[in-house]
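Engineer: In terms of my numbering, the numbers along the sequence shown are unbroken and rise by one, the last being 131.
Treat the hints as calculated values from the structure; they're not laboratory data.
Be aware that a few hints might be false.
Stated by the list, open to error - Okay, derived cross-link-like pairs now, BS3-like style, lysine-lysine, Cα gap no bigger than 25 angstroms in a straight line: (1) Lys8 x Lys111; (2) Lys93 x Lys68; (3) Lys71 x Lys105; (4) Lys105 x Lys93; (5) Lys68 x Lys105; (6) Lys8 x Lys93; (7) Lys31 x Lys68; (8) Lys71 x Lys8; (9) Lys93 x Lys71; (10) Lys8 x Lys31; (11) Lys111 x Lys71; (12) Lys105 x Lys31; (13) Lys31 x Lys71; (14) Lys8 x Lys68; (15) Lys93 x Lys31.
As the list claims (entries may be wrong) - Per label pair, the in silico range of CB-to-CB distance: (16) Gln100 x Glu10: 34 to 42 angstroms; (17) Ser63 x Val112: 46 to 54 angstroms; (18) Gln(-8) x Ser103: 55 to 63 angstroms; (19) Glu33 x Thr(-10): 20 to 28 angstroms; (20) Val83 x Asp62: 19 to 27 angstroms; (21) Thr36 x Glu128: 40 to 48 angstroms; (22) Thr119 x Arg78: 19 to 27 angstroms.
Just so it is clear, CB atoms sit at the ideal spot from N, CA and C, and this is done for glycine as well.
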Amino acid sequence: MATIQELKEQYEGLDQELPSKGEEAIDPSCLLTFQYEYPDQQAKVEIDTDEFTAVCPWTGLPDYGVLTISYVPGDSVIELKSLKYYLLSYRDVGIVQEHAANRVLKDLVAVCQPRSMKVTLDYKVRGGLHTTVTVEYTRDEGGK
């Protein structure tokens, strides 16, 4: 059984910055789409997961959140299994919460060219603070 002093020594340094991967570890190349057969229809697609995770770039501690993607497809739809692999690529990435939401939006818009898209990341409380980040994209229909 460890003494209080031994436990204290074992815990020293745990609050130091933990290693994490940079944003280059995020892999949008795994995202796949398929043709949407009703591009003239204003259907809204909503996808959510409570398993989104990345890490704080300063502490290396995990950030967990609920990710919600809501979009009106253009000519293509996001394939869900590839989306899951894409989101898993964030797991060890050191990225601030506000940047994570914007990066997801940017990558998804690039791959599927939706009419509109909204990404919301609702993070679990950490340090007594609750954060929700929402970013949106609307395609300029004149420049389709």
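Engineer: None of the hints should be skipped; say for each whether it holds.
Structural biologist: Comparing the hints with the structure gives:
1. Lys8 x Lys111: Roughly 21 angstroms separates the two Cα atoms, so the pair holds.
2. Lys93 x Lys68: Satisfied, since the Cα-Cα distance of roughly 19 angstroms is no more than 25 angstroms.
3. Lys71 x Lys105: 17 angstroms, holds
4. Lys105 x Lys93: Within the cut-off at roughly 11 angstroms; holds.
5. Lys68 x Lys105: 20 angstroms, holds
6. Lys8 x Lys93: 20 angstroms, holds
7. Lys31 x Lys68: Within the cut-off at roughly 19 angstroms; holds.
8. Lys71 x Lys8: Holds, at roughly 19 angstroms.
9. Lys93 x Lys71: Measuring from Cα to Cα gives roughly 16 angstroms; hence the hint holds.
10. Lys8 x Lys31: Violated: Lys8 and Lys31 sit about 34 angstroms apart, past 25 angstroms.
11. Lys111 x Lys71: Since the Cα atoms of Lys111 and Lys71 sit roughly 20 angstroms apart, the hinted pair holds (cutoff 25 angstroms).
12. Lys105 x Lys31: Satisfied, since the Cα-Cα distance of roughly 11 angstroms is no more than 25 angstroms.
13. Lys31 x Lys71: 19 angstroms, holds
14. Lys8 x Lys68: Satisfied, since the Cα-Cα distance of roughly 23 angstroms is no more than 25 angstroms.
15. Lys93 x Lys31: 19 angstroms, holds
16. Gln100 x Glu10: 34 to 42 angstroms: Hint violated: Cβ distance 22 angstroms, outside 34 to 42 angstroms.
17. Ser63 x Val112: 46 to 54 angstroms: 36 angstroms, violated
18. Gln(-8) x Ser103: 55 to 63 angstroms: 60 angstroms, holds
19. Glu33 x Thr(-10): 20 to 28 angstroms: Because 54 angstroms falls outside the window, the suggested range is violated.
20. Val83 x Asp62: 19 to 27 angstroms: 33 angstroms, violated
21. Thr36 x Glu128: 40 to 48 angstroms: Since Thr36 and Glu128 have Cβ atoms about 30 angstroms apart, the given range 40 to 48 angstroms is violated.
22. Thr119 x Arg78: 19 to 27 angstroms: At 21 angstroms between Cβs, range holds.
Of the numbered hints given earlier, the model fails hints 10, 16, 17, 19, 20 and 21; all others are met.
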